[in-house]
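Novice: Going down the list, the protein sequences come from chains B and A. Here the numbering used here is used: the first residue of the first sequence is 1, the next is one more, and so on. Here the numbering used here is used: the first residue of the second sequence is 331, the next is one more, and so on.
Because the hints were derived from the structure by calculation, they are not lab data. We treat Cβ as the ideally placed atom computed from N, Cα and C, and that holds for glycine. Just so you know, nobody snuck in bad clues.
Example chain A residues on the side facing chain B (calculated, C-beta under 10 Å, incomplete): (1) LEU338; (2) ILE341; (3) TYR498; (4) ASP501; (5) TYR507; (6) SER536; (7) PRO566; (8) SER573; (9) SER628; (10) GLU631; (11) ALA635; (12) MET636; (13) VAL646; (14) LEU647; (15) TYR650; (16) SER653.
Distance windows between CB atoms, simulated: (17) B:HIS217 - A:GLN398: 50 to 58 Å; (18) A:ASN543 - B:ASP200: 46 to 54 Å; (19) A:GLN590 - B:ALA21: 32 to 40 Å.
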Amino acid sequence: MTRESRLITILVIVSILAAIAITVVYRKNNSIEVGLEKKPKIAVVLKTIDYRSLAFWQTVKDGIESAGKDFNVDISIQGPMSETQVDEQILIIRNAIKTKPDAFVIAAADYDRLIPIATEIKDAQIPLVTIDSFINGEVADTRIGTNNYDAGQKAGAALMENIRPGSKVVIMSYVKGTSSAIDREMGVRDFLKGMVELEDTIFSRGEISVAYDQAAHLLESDPELKGIIALNDPTTIGVARALNDSNKKLDVILVGFDNSLSVLGFVEAEVVRDTIVQKPFNMGYLGIKTAVDLINGKKVDAFIDTGSKVINHQNMLLPENQKLLFPVTR
Amino acid sequence: MKIRSLQLSIILGFAVLILLSIITIGTFTFYIFNDTLKRNSLDSSSQVVSQLNRQIDNYISNMDNISQVAISHPDVQDYVHGLSNDKNFLTSEADGESPSQAKNRVTSLFQSIISVRKDINSIMLLLDSKTLVTNNPLDQINPYADWPATTSTRTESGPFSASLSSSYVQDIIIGKYSWVITMSRDVYDFRTNQHRGVLLVDLDYSIIEGLCNSIQLGKSGYVFIINPMGEIVYHPRQQLIYSGLKEELIDKIKNIPNGQLTGEINNREVLYTTKTSEYTGWTVVGVSYLDELFYNRSEIEYYFAMIVVACFLGSVLLSYYISLKITRPLEILRRSVQAVEGGNFDIEINVNSTDEVNGLAQDFNIAIRKIKELIEQNARTYEQKRKHELKSLQAQINPHFLYNTLDSIIWMIECGESKDAITMTSTLAKFFRLGISKGGDIISVKDEIEHLSCYLTIQKMRYKDSLDYSIDVDPAIYSCRTLKLLIQPLVENAIYHGLKGQDKIGMLNVFGFRDKQDLVFKVVDNGIGMTSKELSEIFNSNSPSKGSSGIGVKNVLDRIQLYFGLDYGVSFESFKGKGTTATIRLPAIIDSEL
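Looking at chain A on its own, in the form it has when it is part of the complex:
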């Protein structure tokens, strides 16, 4: 089940890896994106607040200009001067003009200013003597109203000795309760440099309200304005604040005149953006709800989550595909190997892929073919070995050799050479004993030589003086391995083909020695020799020549090569008329068992 767990590991590994990377990268990107979004929102609310501040500054500086123009205007100065000369202005005259005329000029001045400045609610000149001049000649002082203090005693401060009020209800004129913001400025009689009163320029509060109301911060964000004392100049939900139904963190805001802070109000996270005007001293506060600021955050979160899921799905499917591509050929290979294990060598693995596994499969195919060949070859070799063994066994009891030998013995007995007959019979007995005694094909050199010497003894006795022989084998190789009936067929061959039938004495020499790692046996005769054509035919004839022991040279060569490999074998050297040398070459293997 190893292959399955490999596939599982691939699928799970891929899925987890991709999921982790997506989540890591995604989270990172998401945070950066969020941060950028937040910073952009903060920047934009800062801009909105700054812009509002500038607009308000603009209005206030207009008021300031108007009040400056008004107090230094000749009409106002004339009126103020005229009054100071005679407190009872109803009867006094200044510069040939009645005070009421001077007052009318001031009134019409104020009226002309207001007619071009719709944002100014009213302009009032309040003199120490509880005298009021406004833009409307019908205005009367509200006797119950508090008389406004001169600027010098006011705590509010602004540039140019003028002071700016918060928003409030102006009740100084009877029957009028207008929401205004007042710019007040001390009035001096320039000719005497005496303080004479206050000029009030009332900015219509609804102007500020309109400005602030037009600002949209998110869906339900808003702006409000506080003065340096923390009093509310404008707030769209002022009544709710006073009723305790809403709160603002004014104490905290006061400490941050320019900047941003977050807080929680009515269970909602709120971002305050503050900007304080140096000119008015007012702080414009932008209030945005963070959840609205990031109203599309949840949308991004949604898409992000969907992408994660999609990538996960994709990675799972892809990893499944990849794992299949890896493990399916492996699985096929495994099944094939199992089949081979079961003994089926006829299969051809076809994994239908082009990768490494295919290469492996091809190699495996080759290996199986080789194994199959080897097994077949092995079977053939074994069969041959059996055949040859059987043949060599047959050779040992070759009836011709036996008949000839028995004929010789009979002949010896008839001739009265009983001693020779005994020797021959006993040698024949030994010859057969040695040949049969060991069941296997492999015997020691010593046994083989003994067997050979028995054979040669018999042949010598048969041929008498026409054959002479010698066996010269190094006793050091006696314990080496050789095959049964290796030398004897060659000797037989030399006798029957080389020596027999020639006039001179046939000389046969057998040598055995060690040549480095090899054993070498040489059978040398001085017979008729062979032509190169005869030499080449030696190995071709499978059947032994007539009257031989039945084991041909070919059989000897085959057996040597079957047992010891192709490096070993039999070779002949022959010169016509001079004789033949047969050389057997075997590996020198010392067998302690033999």
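Here chain B stands alone, though its shape is the one from the complex:
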């Protein structure tokens, strides 16, 4: 073999190798763009898809859909009609596993009862992101939602701005044993410890009418009561109505949670002094963003705080809060 033939062979081989290398690099760089079939599929199962009555989930959905567009992923959103339909949600998840999604984003309807199905998801090697309401244990890859302990502390701080130290205060929680309720109450308790006289916590079961009755009874029976912290939306509405109907509107300070239009109406009317609102849009958006990160093999934090905000009559109509508080109705 002459020097020239050797050179030619080398040059030809180099050319072919270069072509292969270019193709490989190109394919790698464009893996997501090449072919629609490679678009990741994310299955979202919410606590409920009854958006009309629960604007919170509508906003979560907006966030999910926005992120779906931003990160170029296919998203299917499912869920039971009611937050209490735990078995229904488990069934929906089981069916969704069969469609082999690239990731799951779940708002758990129950802290414990979803453990087995979540384990099934992990057994199928599918990344699992929980948003808003989580699953007991470390089965999910990450939890994205409000830091409820933190939110509880904010509620305590908001109350303390309006009452004198040593006043009598009651916490009105919703469902005993619910993780968010426990965390929020703990936050409030830790903040108020030693500053006020805390009554035993009352549980409204998350029903407006129960909360109303309980609050009405309290307001009537305890003239010393100066502050109420209601830990979720229906409880806040019930207490606010009771307070509005009583003659103690100015004497008792109510700090609530969440931002349904009813709650906001009471905030505008200053029946509810402050309400701690969550950021459902961010939950939905970050839920998808984190799921995409997990699909791409990135490390994510075990907990991502979407934050909470204290809303009152003064700041509720500020431009930066309007979008947070008032969903655009369609």
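Dock chain A against the given chain B, drawing on the hints supplied.
Specialist: Just chain A, lined up with the frame of chain B:
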């Protein structure tokens, strides 16, 4: 190894040249293409943004028209006038109509407008006296809401003394929190020209949202709207912005109301296309991600790279082919030349090509043939020379001449002519000495003449009075070169064929002189001469005539031509009965060695 490096240079040269040209031209084309692509994208996003702007202007101007129609409508004017006459409108009457009836007419006017304009959320008439009239008679004023200021105190400005709000939550009606954009306009009582309040036309925000949402800029581009203060009117990710999870370069955008700018947001290059409406004062901002704008750029880059590689491959193969075409014949030629160097003249070069190298090969073939011929000729000539030399050598010791001479000497001695015998013997001795003494064939004219004179002396002594001779040679040519035994055979020839046997005295004259560049010897006799037929036969007979010195005229001619070339030789002139002149022509070469 020169040929190999020639081939290498051709291959490398070609490859590099083609590669460089492709890369240069390709890069240039690629940039132009990219630029065009970019400009097209910029143009198209400009168009999208402008179009959206026009649509929004259209909506807002509709609102403006509605508000103008509404404030000047007789129903509204009647109601406003009636109220101003009596603040307590529940009991007052205007134009024979109760204020509540007038209010109903306004309400139904508003209702009829809204029923055809689905994009209008509500129309509200707010009067100074905290009176609210809307399209819905059940609407109640939210007592906790801030009462909207009149347009005169608002900072927002628009044409026709109307003002346009940003998007916000309208909370003036109890229990309703609608996202709207409000066109507000001062309401005057035309009859008294008094300022009476404000008319609000609320455009449903979801209309703007729908318009903006329907716009697609690349895969994930979007549009947003800001007002002249830089406040967001619409943004699809408004909540993310307020949460600090997303940012827009609003401060920079504000400075470029119409145009384009690029920036980096969340590690992505972003192109902002802005267009500000003169009508609303709003700036519509199109946001496109540059990487998406050029989403097919990487594809083009890929194909470009592949073309470069393919061209490189092609150029390498082509240059290899071309170099082979050039160097293979050269290599064959070189090997042939090497073979010739080694002494092989029998090869025929066949390079199998039709180009210049083939021509060269053909010429080379011809040259080799010539060389081969010359070498063969050379060999032949040498052989002949040797033969002739041997012959001339033989001639010098020609036994007939010697016998005849010795017979003459014996005869002289017998006759007592001892003196003559001595002279003859010594002359014979000199004759032979001169003939043998120089080994080579080439001698000086002087030696040749001396030798000739010895010969003629002997012949004269033999023939006595029947022969007379003279030698007249220019001494200036003595030192010139001549061949041994050139003149003597001619003289011998003249004696035996021209003079011998005739009655009169045979006269023989030998001349030697220089004629320009030539030496000329002439042997002139007055003998019997020759016919032209005899003349032509002189050179044909190779064998000398009997009794001669053995060297024929042919031998003389051959030797002259062998040594000095065909331009020289021997010629004869003869007339029957008159005599013959033989002329030898040689080049005049002075040889210092001789």
